[in-house]
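Asker: Protein sequences appear in the order of chains Z and D.
Residue numbers in the first sequence follow numbering that gives the first Met the number 0, run continuously in steps of one, and reach 164 at the last position.
Residue numbers in the second sequence follow numbering that gives the first Met the number 0, run continuously in steps of one, and reach 464 at the last position.
Hint data in this document are derived by calculation from the structure and do not stem from the laboratory.
Mixed in with the good hints there might be a few duds.
For each label pair, taking beta carbons as the anchor points, the in silico distance ranges come out as [unchecked claim]:
#	chain 1	residue 1	chain 2	residue 2	range
1	D	T120	Z	P12	49 to 57 Å
2	D	E92	Z	E50	41 to 49 Å
3	D	L458	Z	G51	54 to 62 Å
4	Z	H109	D	T282	29 to 37 Å
5	D	I50	Z	E80	37 to 45 Å
6	Z	G51	D	A454	47 to 55 Å
7	D	P29	Z	E80	34 to 42 Å
For lysine to aspartate or glutamate, the following DMTMM-like pairs were computed, each having C-alpha atoms within a straight-line distance of at most 20 Å [said to hold, decoys possible]:
#	chain 1	residue 1	chain 2	residue 2
8	Z	K1	D	D257
9	D	K114	Z	D126
10	Z	K48	Z	D24
11	D	K173	Z	E118
12	D	K259	Z	E153
13	Z	K157	D	D3
14	Z	K1	D	D3
15	Z	K150	D	D257
16	D	K310	Z	E153
17	Z	K2	Z	D126
18	Z	K134	D	E48
19	Z	K157	D	D172
20	D	K173	Z	D38
21	Z	K104	D	D69
22	Z	K2	D	D311
23	Z	K157	D	E48
For glycine and all other residues, C-beta sits at the position ideal for the given N, C-alpha and C.
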Amino acid sequence: MKKIYILCVDDEPEVLDAVQRNIADIEDTFPIITAESADDARKVIEQIKSEGNDLGLILCDHVMPGDHGVDLLIEIGNQPEFTQTRKVLLTGQAGLDATVKAVNKGQLNHYIAKPWGAEELMQIVKDQLTEYIIKTNQNPIPYMAMLDAAKLSEYIYKNGILSDE
Amino acid sequence: MKLDKKVIGSVLGIAALILPQFLALEGLEPAGQLALGIFLMAAIFWICEPIPIFATSLLIILLQVFLLSDKGLFAASLVESGYIPQSYKDFYETMASPIIILFLGGFSLASAAVKFGIDRTLTRFLLKPFGTNPKYVCLGLMVSTATLSAFMSNTATTAMMITVVLPIIAALDKNDPFKRVVALSIPIGANIGGIATPIGTPPNAIALAALREQGVDIAFSTWMMLAVPLVVVMLIIAWRILLFLFPPATDKFEINFDTKINKSPVAILAYVVFAVTVLLWVTEKLHGISSTVVAFIPIAALPALSVLDQKDIRGFSWEVLWLVAGGISLGLSLKHTGLAGWIIDLVNWSSLSSLALLIAFGLVAFAVANLISNTVSATILVPLAVGLGVSGAAGADFNMGISIVTIGIVVSLSMILPISTPPNAIAMGTGVIETKDMAKSGIIIGLIGFVITLACSLLYWPLFF
């Protein structure tokens, strides 16, 4: 089975640590990878691609040395493998212009303002990954226990994802 | 890992197709050898699943048309060997056989039910009399799930019911065993409920098609008369077993969910077609119109009345129909080429009593269906029971009709593992239960179910055959 990764990009290692700790419960199902810059993130993404795995969610800071987060999101969203990847900005410093750009050109799915709450972050990650599973037409059973089981079950029911055999 | 298993399955399957052609198999004509190759390949593909199981079914029809039919590559040499090849149309026709049309009618109704919430409304109506005592709510869940799954897909019914109960399960105390009762009652209800009507679950189609092939035409209501008592008894037993294994700690469990009855004109048309079709099905004995004929009413009427549109029709589980069609088609060749009889002759059956035979078939069906698709299990075993009956090897008191029904029903009672049935897989997926919970209840329910099915086949079903 393909692995579905979560990529977390932030120039501050403490932020990456905190995010990893907050969503640690989900790591067995969705492995988490961190990157400290846009360049770092690109390398990780190439790696994921070359292994034939998927990127389910990217949690990205905006203001970082080198390329900014919004530009990275737009770039990733333009790659055919990652059009369905859920894109979340996790930032305190994205101005209106950058945010508008992220929504309009980067298909931003969610915006989390720093500082965030641990439970809030976990919930957002689960909701986003649930959407990812649905949008990419995967068999949801392996992911139900970790994600929004009721929503995935509704999806099986409404769309005839599984049938009697 | 996964890739390796696929490669091994493919290689084994293809080898099994080719190898019998080069062996001297005593008593088997060239046509029988070809059929043996197809049969073995299909069995291996179905078990190892290098390709989806419905794809294997389509492959069977392709191979039959190319290798065994009157338009096939070997038609002339087969005729020379004294075999009269079946028309290629016979194989194609399995895809539109009356049983397939019956299922298509069921799919049309189920699609309309989902679209206009008939199933949810019905669930609320059915659950109401069971109150809020957890014990009776559990029974209510099983009865509602079983009732719906008798007419809809077991899998879709399970998914729907799971969405209904999950929010309430979440509100229970974390350690309350009643969580597990709720999460298990739904797949168990769905698996058992599928037995109740001919369209309840695909293995029923395999059994009915085999009976038709033998000239035994079972009315919709007749099937229900022979199956519903078993279903009711099994539901009650399964209910008691669940409560015994996981005694509830809570004393109140209230299921609330919103269902707005859709009163738009199109929805009302959907209700009418649904009601008329089901009514005509269950009263088949009174008016004499075959259920397979009635089945075309929803197929044609629902699109005509704009209840179902193009998109809804595309959403039918066509692969289930093809899975069944391939199974029926394989049965044709097994019989026509004499392969079924040949396989049967490999064993000296006369040493076994007809009861021992029935038990043997039932146990094999039960065991196999826990591991692979129920439909496939029935598909492989039913033709052998037919072969046994036709060849007379089993003695005069072997009742072929009953053994076919027994196999068709026993496979639905196989629910030990998460992989045993898609409803089990969904319930497991929620993370509310563990595999050992499912195994415990599945083994007890399965074995009791097996004994009760056997009792029916000895004491009750002889009234119908």
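Asker: For each hint, tell me whether it holds in the structure or not.
Answerer: Here's how the hints hold up against the structure:
no., hint, in the structure
1, D:T120 to Z:P12: 49 to 57 Å, "holds (55 Å)"
2, D:E92 to Z:E50: 41 to 49 Å, "holds (47 Å)"
3, D:L458 to Z:G51: 54 to 62 Å, "holds (57 Å)"
4, Z:H109 to D:T282: 29 to 37 Å, "violated (55 Å)"
5, D:I50 to Z:E80: 37 to 45 Å, "violated (25 Å)"
6, Z:G51 to D:A454: 47 to 55 Å, "holds (53 Å)"
7, D:P29 to Z:E80: 34 to 42 Å, "violated (51 Å)"
8, Z:K1 to D:D257, "violated (37 Å)"
9, D:K114 to Z:D126, "violated (25 Å)"
10, Z:K48 to Z:D24, "violated (25 Å)"
11, D:K173 to Z:E118, "holds (18 Å)"
12, D:K259 to Z:E153, "holds (17 Å)"
13, Z:K157 to D:D3, "violated (34 Å)"
14, Z:K1 to D:D3, "holds (15 Å)"
15, Z:K150 to D:D257, "holds (16 Å)"
16, D:K310 to Z:E153, "holds (18 Å)"
17, Z:K2 to Z:D126, "holds (18 Å)"
18, Z:K134 to D:E48, "violated (26 Å)"
19, Z:K157 to D:D172, "violated (30 Å)"
20, D:K173 to Z:D38, "violated (44 Å)"
21, Z:K104 to D:D69, "violated (61 Å)"
22, Z:K2 to D:D311, "violated (32 Å)"
23, Z:K157 to D:E48, "violated (26 Å)"
In this structure, the hints that do not hold are numbers 4, 5, 7, 8, 9, 10, 13, 18, 19, 20, 21, 22, 23, in rising order.
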